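Given the coordinates of chain H, assemble chain U onto it according to the supplied hints.
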Amino acid sequence: MSNAPLLEVRGLNAWYGESHVLHGVDLDIREGETVTLLGRNGAGKTTTLRAIMGILRHREGVIRLRGKDLLSLPLHKVAQAGIGYVPEERGIFASLSVSENLMLPPTVSDGGMSVEEIYTLFPNLHERRSSQGTKLSGGEQQMLAIARVLRTGAKIILLDEPTEGLAPVIVQRIGDVLVALKKRGMTILLVEQNFRFAKKVADRFYLMEDGRMVNSFPGHELDARMDELHEVLGV
Amino acid sequence: MSTIFGIPTPALYGQILIGLINGSFYAMLSLGLAVIFGLLRVINFAHGAQYMLGAFAAYLLLNWLGINYWLALVLAPLVVGAVAVVIERTMLSRLYGVDHLYGLLLTFGLALILEGAFRYWFGAAGQPYAAPSQLTGAVNLGFMFMPIYRGWVVIASLVVCIGTWLLIEKTRLGAYLRAATENATLVQAFGVNVPLLLTLTYGLGAALAALAGVLAAPIYQVSPLMGSNLIIIVFAVVVVGGMGSILGAIVTGYVLGVLEGLTKVFYPEASSIVIFVVMAIVLLVRPAGLFGREE
Chain H
1 MSNAPLLEVR GLNAWYGESH VLHGVDLDIR EGETVTLLGR NGAGKTTTLR
51 AIMGILRHRE GVIRLRGKDL LSLPLHKVAQ AGIGYVPEER GIFASLSVSE
101 NLMLPPTVSD GGMSVEEIYT LFPNLHERRS SQGTKLSGGE QQMLAIARVL
151 RTGAKIILLD EPTEGLAPVI VQRIGDVLVA LKKRGMTILL VEQNFRFAKK
201 VADRFYLMED GRMVNSFPGH ELDARMDELH EVLGV
Chain U
1 MSTIFGIPTP ALYGQILIGL INGSFYAMLS LGLAVIFGLL RVINFAHGAQ
51 YMLGAFAAYL LLNWLGINYW LALVLAPLVV GAVAVVIERT MLSRLYGVDH
101 LYGLLLTFGL ALILEGAFRY WFGAAGQPYA APSQLTGAVN LGFMFMPIYR
151 GWVVIASLVV CIGTWLLIEK TRLGAYLRAA TENATLVQAF GVNVPLLLTL
201 TYGLGAALAA LAGVLAAPIY QVSPLMGSNL IIIVFAVVVV GGMGSILGAI
251 VTGYVLGVLE GLTKVFYPEA SSIVIFVVMA IVLLVRPAGL FGREE
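Chains H and U supply the protein sequences, listed in that same order. Residues in the first sequence are numbered from 1 upward in steps of one, following UniProt numbering. Residues in the second sequence are numbered from 1 upward in steps of one, following UniProt numbering.
Treat the hints as calculated values from the structure; they're not laboratory data. There may be inaccurate statements among the hints.
To be verified - Calculated cross-link-like contacts (lysine-lysine; reagent style BS3-like; alpha-carbon spacing at most 30 Å):
| hint | chain 1 | residue 1 | chain 2 | residue 2 |
| --- | --- | --- | --- | --- |
| 1 | H | K68 | H | K183 |
| 2 | H | K77 | H | K183 |
| 3 | U | K170 | H | K77 |
| 4 | H | K200 | H | K183 |
| 5 | H | K135 | U | K170 |
Since the model is a prediction, treat every value here as computed from it, not as a measurement.
The following block holds chain H by itself, in its conformation from the complex (with noise of 0.2 Å):
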């Protein structure tokens, strides 16, 4: 069936030690798709992603990728399966260059960019690619979190407020790199607070609440939605 989700979350629950905080998540994402969720700080959205990935292990319910179970697999095994993952904190490696860190994630499948395509992509990190990672600025180290997993071959990749804390013209930059990751058909989960980033290049926008998914609606109904929002998320 050509129209079966690629990603595809049905029930999930999860918990932080004894704190229960996902609460029955539903989520789906088609190939191709830019998928954004939004949410109050500590409504679950990290919390989703990483219970995705199996950072987080302590779970339960279905999460399939192409139909195959994720929830089962080892940690190394998920990202194995095709997904790439850029945490919040970016997670670049102090003792390794950028070279390094962005030679560090194994390949998973064909397909992914080469090389030389990253570095035509962030011209930045072509030319500081034997510094140390995190002497980068915030902005190159982002670029450098995501252009990591591009070279992977991953089929969709999870982002984690990839704009926070960055300098608006750096934010125009990587909203043109998802929307020519998307040209190339690349699947995107996207957390963002960043509504007029996320207008540009979400599909579709889920909303989420104290860790469960309140409401999911396209991207092109945001501006008509804006009072609902402002009221959901307090801004």
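Using the frame of chain H, we list chain U on its own:
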């Protein structure tokens, strides 16, 4: 006879050479400890026992199977590394989720069991192990006579240390190891089999200790307690170099070995404590060690 500060130069050079030899073992052993601690966060108290196992493996290979020194240099680290892999898989890996103290207690217990067992089987006295015939004799360096085997140990340990450093700093596998030392969860989330990396790292660390043990066998004799005599000094070396710092472990190993040798010449009474005095000073001035990063 020429003298420096009233010390005959042959005595001085002799002690520097002994310092370099001891330093070679400090460097190889603290290197393995630093690699293991960096990634596994386990203070491997069994390291001295693994060094002793390496020496005994060489001794037993020779006396039971007639296998010579050169083959033992390869086989002993493989055997001890394989034992360490089994220990990591069956015991140590169960302790990663709990306080680091448990890893220390487990490896300390293993060290006591291994040393006790070998003392029971072979007695506490050292067993002689002859240097291979190619490396016997001495060479005149002009300013002193150097036993060839001792020169070989210094060169071999330098090659081992530099090789390990290159493996960690310049290869893809080394990049995994460095990255996992910083954030193992994220490296695993990228698809690297981190549990396997931990197992291999423990095996590599133990194999390095065993290799040092084979190199030591012709110099120090093969005895069940040869490791426990050395391991406390090696811990001091790791602390001075900076816990988890590879380069720190290597450089500090040689430097403290030579420093100890010089102390034997100029103030012999202090020679057995000089390394610990240096450790205390470094801990006061730079708690993360000379090459360590503050966390």
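How the hints compare with the structure:
1. Under the criterion of a C-alpha separation no larger than 30 Å, the hint pairing H:K68 with H:K183 is consistent with the structure, at around 26 Å.
2. Annotation: proposed proximity of H:K77 to H:K183 holds, straight-line Cα distance about 28 Å (limit 30 Å).
3. Our distance criterion of 30 Å between C-alpha atoms is met by U:K170 and H:K77, whose separation comes to about 26 Å.
4. For a cut-off of 30 Å, the pair hint linking H:K200 to H:K183 stands: about 13 Å separates their Cα positions.
5. Annotation: proposed proximity of H:K135 to U:K170 holds, straight-line Cα distance about 19 Å (limit 30 Å).
The earlier numbered hints are all upheld by this structure, with none contradicted.
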